[in-house]
Amino acid sequence: MFSNNDVLETIAMVQEEHLDIRTITMGISLLGCIRDSAEETAQRVYDLVCKKAENIVRTAADLSGEYGIPIVNKRVSVTPVSLLCAAFPEKAPLIGKALDDAAATLGIDFLGGYSALVHKATADYERVFIRTIPEVLASTKRLCSSVNVGSTKSGINMEAVKLMGEAFKEAAFLTKDADGIGAAKLVAFCNAVEDNPFMAGAFHGVGEADVVVNVGVSGPGVVKSALEKIPEADLTEAAEMIKRTAFKITRAGQLVAKEAAKRLNAQFGIVDLSLAPTPAMGDSVAQILEELGVETVGGHGTTAALAMLNDAVKKGGVMASSRVGGLSGAFIPVSEDIGMIRAAEKGAITLDKLEAMTCVCSVGLDMIAIPGDTPATTIAAMIADEAAIGMINNKTTAVRIIPAPGKTVGDQVSFGGLLGRAPIMAVHNCDSSRLINRGGNIPAPIHSFKN
Amino acid sequence: MRAVVTVTGKDKKGIIAKVSAFLSEKGANIEDISQTILGEYFAMIMIVDMSEAKMGLAELAQECADLGKQIGMSIYMQHEDIFNAMHNV
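Chain order of the listed sequences is A and B. Counting from 1 along the first sequence, just add 3 to a position and that's the residue number in my numbering. Counting from 1 along the second sequence, just add 1131 to a position and that's the residue number in my numbering.
I should point out that these hints are in silico values taken from the structure, not numbers from a laboratory. Careful: at least some of the hints might be erroneous.
[As the list claims (entries may be wrong)] Taking beta-carbon pairs under 8 Å as the criterion, some of the chain A residues facing chain B (in silico):
hint, residue
1, N7
2, E69
3, V209
4, T239
5, A255
6, Q257
7, R345
8, F418
[What the hints assert, rightly or not] Pairs of lysine-lysine residues, derived as DSS-like cross-links and limited to a Cα-Cα distance of at most 27 Å, are as follows:
hint, chain 1, residue 1, chain 2, residue 2
9, B, K1200, B, K1143
10, A, K179, A, K100
11, A, K54, A, K261
12, A, K265, B, K1149
13, A, K349, A, K156
14, B, K1200, A, K232
Glycine included, each C-beta is placed from N, C-alpha and C at the ideal position.
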């Protein structure tokens, strides 16, 4: 049983500290939709997604009402679309449009999976597919796209890295009237996971069941409030407090995930233990690091504090859920975190420090606006750096970067909603094109040979 | 199925009477009730049985929140499982 204090604590978490279920994401396999033509396949895709996810919005509202915890996003992830259209890759945008239409019909927030997995090599159809991504992101609203360009097991596909540098640039350019928002719906991964409920990188892996429900919890504000109660504690005690808090947050996620799966006739997939910030005051991962004792996020000590936070969240969360997966770690997007935005505006945090931070947390260089005239090869080189960190450290890393058209350092982009706003951050001006244009693969590291 | 009703706010006359009359009218049976007063603040926690309730939990929770607005208190109604999940190993 629970005590009165437990009840009041839970209510305070929701009312004052922004505890929420960040997303219920239904993963749907579309492999059964493949037909001889793109038109038929697109129709099947639309019908199947609308059928399988028809109750997701209502169910989320019911669960939210019954448990008294907000469920912020309702999403769908699907089989990587490149696999559906290997026979007609130039017509992949038809499938993209069908998915975006389905998302609109369902009233969900985002749909992920306009994706390709090219970590070892780029097949001809995948090359064509990747080139369709910018136009598709510019002409759809809710569709998200991701490409896996490397893995610990297979190394880094540098041709795909180069293609992705160009894709970010073009996706931003084609949406220049909206600060390049197209690029905010695109992710380049190393070691992408198949059960990620978070956007923009969610897709439904081929190793998954037909229909699953994955849930992403959140609650940076809850962790920060817990730490505020022990301002003099040493870091051992602080880590313990984070663990205990993560346990409670995750248990809420586990409960909602299992109940949602039951009501939606789907398999319970995983709970993703990520601490995902929002631009709201008090819902910031950066402010947790500052509460731990770094004056401004980005200062020396930030990486150490983040490493501790990330690890403690996992330890508390793993104990709380029967199936943990997805990205599971602290997110450090710049535009979506008020503490990060402020640090970036002050110049306290730089791209180099963010890159260092991604060595110890999920997931990568996330929602960072850079000057619009940054060359595609420089963006590709940033992707290569991040992929190298993921490959060597056996972890997922990602890049979601927005080369804001017509803007430069000192300007700002604003996407609104959960995507937030961000000052343009400086990029190193030296030329990386010779490295990128070499192509080929960065071979898998020696520690990948475990068989 | 049981739910937890939590009423918080500045202490004033007749809160318990109003909330329990409302719940009774909706078919929610109060099984346990406890209250604490901290200075001028009031917190009441009730465990209610919903098996004969006239509406679903989500809907009744919304009505409770509306009643709270009318009487100047915050009223939350939640499935008991959320507290069991979060506060028990």
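Evaluated hints:
no.: 1; hint: N7; verdict: holds, 5 Å
no.: 2; hint: E69; verdict: holds, 5 Å
no.: 3; hint: V209; verdict: violated, 32 Å
no.: 4; hint: T239; verdict: violated, 21 Å
no.: 5; hint: A255; verdict: holds, 6 Å
no.: 6; hint: Q257; verdict: holds, 7 Å
no.: 7; hint: R345; verdict: violated, 31 Å
no.: 8; hint: F418; verdict: violated, 32 Å
no.: 9; hint: B:K1200 / B:K1143; verdict: holds, 14 Å
no.: 10; hint: A:K179 / A:K100; verdict: holds, 20 Å
no.: 11; hint: A:K54 / A:K261; verdict: holds, 20 Å
no.: 12; hint: A:K265 / B:K1149; verdict: violated, 36 Å
no.: 13; hint: A:K349 / A:K156; verdict: violated, 40 Å
no.: 14; hint: B:K1200 / A:K232; verdict: violated, 30 Å
Of the numbered hints stated above, those contradicted by the structure are hints 3, 4, 7, 8, 12, 13, 14, listed in ascending order.
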